[in-house]
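Generate coordinates for the entire structure from the input sequences, incorporating the hints supplied.
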Amino acid sequence: MGNLGAVEYLGHQLLMHHQEQRGLVPKTVFHKLWCISARHLQDNYETDIGLPRYWYKYGEMADEQSVNDEFYAAPSAPWGGQAYKPVWELEADDFDISSEERDLIDSTVKWTLNRFKRRNSRYLESYQYQAYSPNSFIRAYSELREHLQYMDLDSQEVLTQYEFEVESNKELITAYLDELIITYPENDEDFASFQTFFLRWDDTARLLLEQENPYEDIDTFLDTFVETLSQAVLQLKFNEHVPNDQISRWESEADETISDFETYLDNYRTELLEDREMSGVLQSVAETYDETVLG
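Quick note on numbering that gives the first Met the number 0: the sequence shown kicks off at 0 and runs consecutively.
Rather than coming from a laboratory, the hints here were simulated on the basis of the structure.
Each hint should be verified, as a subset may be incorrect.
[What the hints assert, rightly or not] Listed next, the in silico DSS-like pairs over lysine-lysine satisfying Cα-Cα at most 25 Å (straight line): (1) Lys56 / Lys116; (2) Lys26 / Lys56; (3) Lys109 / Lys84; (4) Lys26 / Lys116.
Bear in mind the structure is a predicted one, so any value in this text is a computation, not a measurement.
And the structure:
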């Protein structure tokens, strides 16, 4: 695949040191540490090593298909996912980088070790969204996803730790849906073409919120929206150093992704409306029964 350079050296050093701390490094954790470290180099040392990265559902990810993968192995992990470990035989001189780049990368890896020691992917994802979200809309839906995925909303204990003062979790989700409407970047042409689908999704989410204990379903519904938005907009708009052929592949897949989402959305909405109509009929029958038999 070519020479091992600064991008690969950063990845190799992260794996070397983090494996010493924590054993096998989960794939998502590695991707996030790689991206965060590359940003640290850029923001603090004005050094852009050229790591191909892009924004996706889980925050910023590295496009590992566009780098030389000869510095790591990726075995199956005991927990069922994929883990990464370094190729231990590689030495610093095997990487084609200057001594200055090496020093800056070594310093950055030390910072990463100190700042994110043993942190899991959830923490790193939250950090990325808070520190690097490209816009307020992306930050808002990430906070809503965190509530839905990690908090016991069914308990009806109001668990908000963000900006909204609410008395129930349905109010909390409604507040986030309102925030998404307010922050949607409609003046951005890359988002504008997707706005119709977003508004239809929002209206359907509010219908879903009327159901009893809807939180798990809303979590899945939001996840499907963000996955589609990631493929149709985010990875195409918010990326750095991703090769043109990879972007072309994403562009060619975007139309089908949107079409599938539109079908999914229409079917989901139809089912909700039919369920609500049937519930209304049953309620009407029950009220008539009460009046006739019990009245």
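Results of checking the hints against the structure:
A C-alpha spacing of about 24 Å is found between Lys56 and Lys116, which places the hinted pair at or below 25 Å, so the restraint holds. Among the hinted pairs, Lys26 with Lys56 is consistent with the structure: their alpha-carbon atoms are about 15 Å apart, no more than 25 Å. At roughly 18 Å between alpha-carbon atoms, Lys109 and Lys84 fall within 25 Å of each other, so this suggested pair holds. Annotation: proposed proximity of Lys26 to Lys116 holds, straight-line Cα distance about 16 Å (limit 25 Å).
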